[in-house]
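Enquirer: Listed below, chain by chain, are the residues.
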Amino acid sequence: MAFRSEETKNRLLNLLKDPVLLITIIIIFAALAIFIIYPIFKVFSASLTNRSGQFDLSAYTKAFSNRYMRQGFFNSLLVAGLTAFFGMLIGYIFAYTINRTDIPFKGFFRTVAILPIVFPPFIGALSIIMLFGFNGLITAGIFGIRNFPVYGLWGLMMAQVVCFFPVAFITLDGVIGTISPTLEDAAFNLGANRWQAFRKVILPMSIPGIASTMLVLFIESLADFGNPLILAGSKFPVLSVQAYLQITGMYDTRGGAALAVWLLFPSIVAFIIQKYWVGKKKYVTVTGKPTTSVLKSVNRPVKWLLFSLCMLMAAFTLTIYATIFWGAFVKAWGMNNTLTLENFRYVFDVGLEAIKDTLIIAFTSTPISALLGMVIAFLLVRKLFPGRKLMEFTSLLSFAVPGTVIGIGYILAFNTKPFLLTGTLAILVLNFVFRYVPVGIQSGVALLNQVDPAIEEAAYTLGADNRQVFTRVTLPLIVPAFFSALVFAFVRAMTAISAAIFLVSARWNLITVQILSQSDSGRLSEACAFSVILIAMIMAFILVLKIFLKNKVSLSGSESMGQG
Amino acid sequence: MSLILKNVRKVFTSYGVETVAVDNFDQVIEKGQLVTLLGPSGCGKTTTLRIIAGFEVPTSGRVLLDERDVTNLPPNRRNISMVFQSYALFPHLTVEENIAFGLKLKRLDRSEMRRKIIEMTDLVGLKGLEKRRPDQLSGGQQQRVALARSLVMEPSVLLFDEPLSNLDAKLRETMRLEIRRIQQEVNITSVYVTHDQVEAMSISDVIVVMNQGKVMQIGSPFDIYARPENSFVADFIGRVNFIDGTVESVDGDTVVVSAGTTGNRIIGKKGTELAIGEPARVVLRPESLSDRKEERINSLSGKVLKYVFLGSNVEYELELSDGRKINAVTFNPIERKLPVVGRETELYFSRESAWVIRA
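Chains as they are written, first to last, in this note's numbering: chain A, 1 to 564; chain B, 1 to 359.
Only chain B is shown next, with the shape it has when bound in the complex:
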């Protein structure tokens, strides 16, 4: 019971120019998982989703659903439902009729249909709105209808194509929790496309980070954030500082990097295979930097260039002695003093938070 993409590749040709939209996508999606395809626009995530749905024919590779090759099956025979960015509700049908659309095509008998519709409107919280038309609903309600309409089909896989990007920020937060709750309650295998990393982090079991048609990394939200395999993933997810240098020594999973002209030696955790003398990059999140030494073994010092007070935290920029700039965040500014612009400051970070990858 799973969805398998085998070496899926899609090339678009326009005016003789070939563009690789999806480059050898290979992934097994297990039953009940929610897998998110995350990446900047044009990275191939939507094309991948449309290949799974059957709207695009892959240039090569296969799509397998429950051990059945569905590559050449039209979308209506795949038992895969989709929730669209624009909701795509049928504007000429009521909420109820929208949900019943697929059931009618299946020729379900009336009482069975009634039961399922009631069950669904309950699950997604649409009670009392059954007779409304889509244009009489708010954006969030429309998205609930779209979800109910897809879920009621009991599909093998549920696809989400940026379902929340037409909603305002506040509603987006509630809806993504709702989607996750319902997805887990029904235990349905889902593939979710978004360009919003916070959304991806908050609802996924597995995140697939894509760029220019290629898969950059596959992993849990924690791995993607804390253990990026390359600079793209590190840079794309969250805010980051890169400190480039050369590998001085490797001992188990501990790496010592000499960080260029500052003469600093950074002791970090090995992220990729590294050899002595090779160029390396230390991935350091702004919130890993602290003004208190405590157990932290690494340090950087520089001048405070500017800071932004944001209430719950303070973001500031530090200029190192060789001119490189570093971003840092400290939390709970009430119990600390605000930084002073121009002052020399020392910041500390631990071995665990210095993630070293190949430059």
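Chain A on its own, in the form it takes in the complex:
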């Protein structure tokens, strides 16, 4: 036992000898505590205390005795569950078809299955109203139906599936793509037919991926705010929207906070299951190069059935986005379909400030978020320090906490001194930085795990301190993760709505908020024009980054970083 304490003492002495590392760790812990934990804590404490500051459960009893609110809770879970299932199913069909059959147009399907990631999530809802709503192109325009039930469960689910199935596709593509075809060959060789090979080999091996995907979609759907705001309608209350309306419509912060807590629990549970249970059950199947598949996993009829399903989904997805583009150029959707540029003039008149603000906020928060993600990834993978697990959990937590909860937390936490930030640029930037840092951390951790730690150790023995190792060796090596974090954080910052809607002010507004308020007041074409501009800016950013990276950084270098 005496030895142990000597070792601990040695460790602490080493840490003290390296003040840069120590200070970095302390600062990151403090930041995580203030900008992730504290707001969540404030949501709890606000929901549990009354005006005179006493402990009081009445906000919960009130919310629970209200049938409408109760309905909202179950509706949220129902939609999340259905979206998780169907999103996963479509993602799986795409991933399986692309990886295991020799259908034509694979590149096209792959693109369509990834495309929705870079689009604002809620424009799916906007488009669905334009297609199936009161003046819907399909319902009213083709079939003459005016009262098609687009608002509510099915409309909402449809919009969410379109915008979230890419998440499922990307994960499952990785899972199915790395199951070696030789395993199927082995199954055939042992006498299995195609269906048995799928049932007994491919499906069981993709179960962890399927479970993990469904949990992620469940969390995303629960947290979704834009789609339900447009599509849920008054007869189908959903928690995230109810919490927002409670606060902004009824000025009942306590009630809103209580609803937010209700929203938080299922998300956290799903997150913990995903991270600590499903996440550990992955089958490792990759060793070396995957063998070339002979693509005999399915017979011809099944192949063309899968092809048709993918085609149908791709067509639907493209229709959704094409509708937005078309809508941006017509006078009044569904009533006067003359082409015009009028909508864009309107956008630049009304929304120029919002466009500028959005860009400023995205360009400020994105690099900070990506860099912070890399620093935390470095600490988590390469450093041993007390509280490492806690840092990992906290920094990834903001992925699981619905934006609505975080938004309410921020207005509660930062409207008084010492953190008086309400209405400022800072509150939006900080919110985006900490909300989107988990992606940077995850891609950084994934890449660092493939980098031989000896490379960094070599730098230490050559006299580099922690800061020099990070900037001169680690960062150049994980540059691909940094840029993917950069792209993701940028897209998210440009398209964010759920938390941001609580934080915008007269001085700092966002395009997404404009789109919602335009569509809310029935100006669908103007909302479309805003969306087109938003999408154009995101595309331009990604394009510029791509061109810049081709000339500046060789991303292919990452392949040679593995162990020799």
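To be clear, the hints were calculated from the coordinates, so they are not data collected in a lab. Treat each hint with caution, since some may be false.
[Unchecked claim] Taking lysine to aspartate or glutamate pairs in the EDC-like style, the calculated list, with each CA pair at most 16 Å apart, reads:
(1) K9/A / E56/B
(2) K306/B / E319/B
(3) K383/A / D18/A
(4) K383/A / E56/B
(5) K383/A / D452/A
(6) K214/B / E229/B
(7) K127/B / E97/B
(8) K200/A / D185/A
(9) K106/B / D465/A
(10) K104/B / D465/A
(11) K17/A / D69/B
(12) K337/B / E315/B
(13) K303/B / E317/B
(14) K270/B / E229/B
Following the hints, position chain B against chain A.
Expert: Showing chain B alone in chain A's frame:
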């Protein structure tokens, strides 16, 4: 000017189970020596090396470098360089930039840096490859870069962590001669970790044989092979026959062992303290056995079970009358006849080659 490890001990705890990785390692490494830590995987040799480098904190004990306690110094302030098994070259830098990495951190001026880099590329034979990236080099060239990158820092101690195990057999032989040549030319104190005994024998001044965290023996390559202190070392280094028996008499450094049921008496050299009547073990290398008597005073006889003809030598297995099996090697089979399977054969060995230790 030396590296001293004082009672270094390292215990890893995982899920409440303690594993002693290094158990009271005590050794002085003199200036200019090349000391090899040799042992099977998991014996603690790499952990010891990483403690010297500063990547692991010892559970107890101290590390002293040039009379300075460096136990609590981070790796970057120890003036110790390391050559890694995976080479660990910076993949985003050229050969030249890799070598210059540490010099830049030292803020050396440009001309000085140039001079040193040229000197180094000369020494390790990398001329003409300065502008290449690591992925454009062969394994052997990469290891030369790793060596140059470490040497250019003029460290007090140079550490090698199984530097040759990623190379093919032929290259391994040339590279180990290269490493030894350069090490002696620069006269740098080195600690070298390997599990390959031939590698250890061919380059070391001193070999430390380790097993399960404990030091089994420290000595020159000759001592380790010819005068093992225990069965582990005898068995781990090279091939060996053990003949167990009891001590019949001890006279100076000569021991007489009665070898069990065969009734043979073996006259050998005393390896450890032995008392009459104690169980003893005779360590006998296969190549010490000969089919010619000449001056050899000991003999064994048995039936040839099988043999393998390997060109330069013949290895064969003999079954003694009590069923024990003995391996033997004879060289230059061209001028001798091949053994005949099943034939009764007598083999001889000298007092010097029968090394007797405690059983």
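Enquirer: Could you grab the alpha-carbon distance between K106/B and D465/A and see if it respects the 16 Å cut-off?
Expert: With a Cα-Cα distance of about 12 Å, the restraint between K106/B and D465/A holds, given a limit of 16 Å.
Enquirer: Measure nothing beyond the straight line between the CA atoms of K200/A and D185/A; if it is 16 Å or shorter, mark the hint as holding.
Expert: holds, 13 Å
Enquirer: Taking only the CA atoms, is the gap from K303/B to E317/B under or equal to 16 Å?
Expert: It holds: about 8 Å lies between the C-alpha atoms, which stays within 16 Å.
Enquirer: Compare the distance between the alpha carbons of K383/A and E56/B with 16 Å, and conclude whether the hinted pair is satisfied.
Expert: At roughly 12 Å apart (the allowed maximum being 16 Å), E56/B and K383/A satisfy the hint.
Enquirer: For the pair we were handed, K270/B and E229/B, check the Cα-Cα distance against 16 Å.
Expert: Status holds; Cα separation ~10 Å.
Enquirer: Straight-line Cα separation of K306/B and E319/B no greater than 16 Å?
Expert: holds, 10 Å
Enquirer: Do the alpha carbons of K214/B and E229/B lie within 16 Å of each other, as the hint requires?
Expert: Measuring from Cα to Cα gives roughly 14 Å; hence the hint holds.
Enquirer: Next pair to validate is K337/B with E315/B; report whether the Cα-Cα distance is within 16 Å.
Expert: Roughly 13 Å between the alpha carbons, so the hint for K337/B and E315/B holds.
Enquirer: Does the alpha-carbon distance linking K383/A and D18/A stay inside the 16 Å limit?
Expert: holds, 12 Å
Enquirer: Within a Cα-Cα threshold of 16 Å, do K17/A and D69/B meet the stated pairing?
Expert: holds, 14 Å
Enquirer: Is K104/B close enough to D465/A, meaning Cα to Cα at most 16 Å?
Expert: holds, 13 Å
Enquirer: Is the straight-line distance between the alpha-carbon of K383/A and that of D452/A 16 Å or less?
Expert: Holds, at about 14 Å.
Checked against the numbered hints above, the structure breaks none of them.
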